[in-house]
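Asks: The listed protein sequences correspond, in order, to chains V and B. Residues in the first sequence are numbered consecutively from 1, following full-length UniProt numbering. Residues in the second sequence are numbered consecutively from 1, following full-length UniProt numbering.
Note that these hints are calculated values from the structure, not bench results. Because the structure is a prediction, the values reported are computed rather than measured. Virtual Cβ for every residue (Gly too), placed ideally from N, Cα, C. Treat each hint with caution, since some may be false.
Claimed, not checked - A partial selection of chain B residues facing chain V, derived with a Cβ cut-off under 8 Å:
id : residue
1  : Leu94
2  : Pro95
3  : Leu98
4  : Cys170
5  : Pro177
6  : Asp179
7  : Arg182
8  : Thr187
9  : Val204
10 : Leu205
11 : Leu224
12 : Leu251
13 : Asp289
Said to hold, decoys possible - Below, a list of computed lysine to any residue pairs in the SDA-like style, where the Cα atoms sit at most 25 Å apart:
id : chain 1 : residue 1 : chain 2 : residue 2
14 : V       : Lys83     : V       : Ala27
15 : B       : Lys276    : V       : Lys83
16 : B       : Lys286    : V       : Ala203
17 : B       : Lys275    : V       : Arg200
18 : V       : Lys182    : B       : Gly35
Said to hold, decoys possible - Covered by chain V, per the in silico footprint, the following chain B stretches (three or more residues, Cβ under 8 Å):
id : region
19 : 59–65
20 : 239–250
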Amino acid sequence: MSGAAGPGAPGGTARAPLPCAARAAAALQLGGGADPARPGVAVIDLRFPRGGAADLQEIVFRNFYTAFLSVRVQRASAEGPRKWVTCLRDYRLMPSPHTEEGSQDYFSLFRHQMLCDVDQVTAVRFILRQPSPVWLHFTIEELQIYPPSQKSPQKDFPSWLSQLTPPEQPANLHGELPDPEKVSTEVQQMWVLTEVIRARQAAARIGRFDVDGCYDINLLSYT
Amino acid sequence: MAAYEKRRAAAAPAPAAGSGLGESARAGAAARGLGTEAEFLLQAGVTAMVREALLKVLEARPEEPVAFLADYFEKLVLSSPGAGGEAAAEPPGLPQRLARALWYVRLAHHSHRTAFNNNMGMAYECLSASGRRKRPGVDGRLYSELLRRICRPGAAPEDVVAALLRKIQCRDHEAVPFDVFRYGVLTCFVLLEFTAKAGTLYDVLDGGSGPADKRVCQAVLCTLEDALGASDFSVPIRYLEAGSKLGPDCLALAMDRALQERKLSVAMSREEFLKKATALFVAKVKPID
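The shape of chain V in the complex, shown without the other chains (with noise of 0.2 Å):
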């Protein structure tokens, strides 16, 4: 699930973040003046570049003071105003709010933990909630988001592999078919047979200096 993650190493491949802009953290105000009340809330805008779309695969922060977190993302939709879905709800980051723990670690989170499917995101909101008055500031750091892996993992597959069984199951073999798996059977000895001779290779050699039929003489010797 989430916890201590290193930064440099999220689920353990090198891989780029993408490229995003996030905005400072607003807190919410209510009232104006010298003093305004602090209800403990606060949100972090992130866009992608030149209003682009991304797939999320995954969420990397690192947690400052923020007790709760909830993500709402807006999606590229073909008609109709964009609207905002939450897809993460008050997930909580510190087990107390009150008390240090879980305050300054990192964070992964992952797109099977959304409510929702987070493909073709255009941009994506945090909402910090902290409760406790004991921290004045808080935040969330070193924000990065990860695509899908490039990669998909049926390409280093050999066509074999990923046909265990094959796509094309005969609807009718024919009828006069010999029995495929006594052939098999045989076919496949043959074949240890052969590998046999291959493994238990002799590794002398006669050791034979002739070219033609003719020696070097000076190449001759007794062994």
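Please build the complex by placing chain B on the supplied structure of chain V, with the hints as guidance.
Replies: Showing chain B alone in chain V's frame:
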């Protein structure tokens, strides 16, 4: 072996005489009890002989132990008079040595590696023991002759055997190292087994009724060749690859495709099939150099 042969000859008259005048001697033997029986067995060399035979059975684990033991003792009797006794100074002739070596290498199946290698060592020793020549060792002539004899009674097609022998036999004057000897003999045995397997495969392919369809045979052989050829020796994944290629699904598809190609059905004879199949094997045998 020679020693206990002698002892056996000496001990033989005793039981024969026992029926008549040997009554008292027998009574005496009975009085001396079990110790004497064990002693007799030891003296006559029976203990050692039976132990040796048991070891051979354990080594070879033959399917029919009785036949194996019968063969073993028969060889023991046959080889003893020539090799044993006063003839010890004179080594057995070439035909005997070849026959004995042949017997040794056939004792155990090659999958029982230790037993097979032991027997191979015995055969090599047996062939190289020669009193007339100063230096012991197996030369190419003996080695090649042994290989020919191993292959001779087999079902393997003549010219395939010849092709194999061309790859692994040595020239008459060449000294054959044990490792090459082992490899050559092993290859011959595996070829025989491969031929037997190919024969069984043909039986499956022809469905028990007449000659098999040529297209199906070709398809199966091509699949096998593909599995043998495509694999790179160093990569373990090739075992999986070969397993997948030679699985029932892939073979069924290949055969089905072959049958649908065209309607004209031509038969392939057993000889032709064996020839093509064994040629695949021989192609994979590394030649001796």
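Asks: The structure should be examined with respect to each hint, and the outcome stated for every one.
Replies: Here's how the hints hold up against the structure:
The restraint placing Leu94(B) at the interface with chain V is violated, with a minimum CB-CB distance near 22 Å, outside the 8 Å limit. Residue-level restraint check for Pro95(B) is violated (minimum Cβ-Cβ distance to chain V is 25 Å; threshold 8 Å). Because the closest C-beta pair between Leu98(B) and chain V is about 21 Å apart, greater than 8 Å, the hint is violated. Because the closest C-beta pair between Cys170(B) and chain V is about 6 Å apart, less than 8 Å, the hint holds.
The beta carbon of Pro177(B) comes within 4 Å of a beta carbon in chain V, closer than 8 Å, and the hint placing it at the interface holds. With 8 Å as the threshold, the beta carbon of Asp179(B) comes within range of chain V, its nearest partner Cβ sitting at about 4 Å, so the hint holds. Because the smallest distance between the Cβ of Arg182(B) and any Cβ of chain V comes to about 7 Å, under 8 Å, the interface hint for this residue holds. Residue-level restraint check for Thr187(B) holds (minimum Cβ-Cβ distance to chain V is 6 Å; threshold 8 Å).
With its C-beta approaching chain V no nearer than about 5 Å, Val204(B) sits inside the 8 Å limit, and its interface hint holds. Because the closest C-beta pair between Leu205(B) and chain V is about 5 Å apart, less than 8 Å, the hint holds. A cut of 8 Å between beta carbons decides the hint on Leu224(B): the least distance to chain V is about 5 Å, and the hint holds. Because the closest C-beta pair between Leu251(B) and chain V is about 5 Å apart, less than 8 Å, the hint holds.
Below 8 Å, beta-carbon pairs count as interface contacts, and Asp289(B) has one with chain V at about 6 Å; its hint therefore holds. Between the alpha carbons of Lys83(V) and Ala27(V) the distance comes to roughly 23 Å, so the proposed pair stays at or under 25 Å and holds. The hinted pair formed by Lys276(B) and Lys83(V) fails the criterion: a straight-line CA distance of about 70 Å is larger than 25 Å. Taking the CA atoms of Lys286(B) and Ala203(V), the gap is near 11 Å; set against the 25 Å cutoff, the hint holds.
For a cut-off of 25 Å, the pair hint linking Lys275(B) to Arg200(V) stands: about 24 Å separates their Cα positions. At roughly 58 Å between alpha-carbon atoms, Lys182(V) and Gly35(B) are farther apart than 25 Å, so this suggested pair is violated. For the region 59–65 of chain B, the assignment as covered by chain V is violated, since 0 residues bring a beta-carbon within under 8 Å of that chain's beta-carbons and 3 are needed. Counting residues of the region 239–250 of chain B whose beta-carbon sits less than 8 Å from any beta-carbon of chain V gives 11, enough to reach three: the coverage restraint holds.
Taken one by one, the earlier hints fail for this structure at numbers 1, 2, 3, 15, 18, 19, listed in ascending order.
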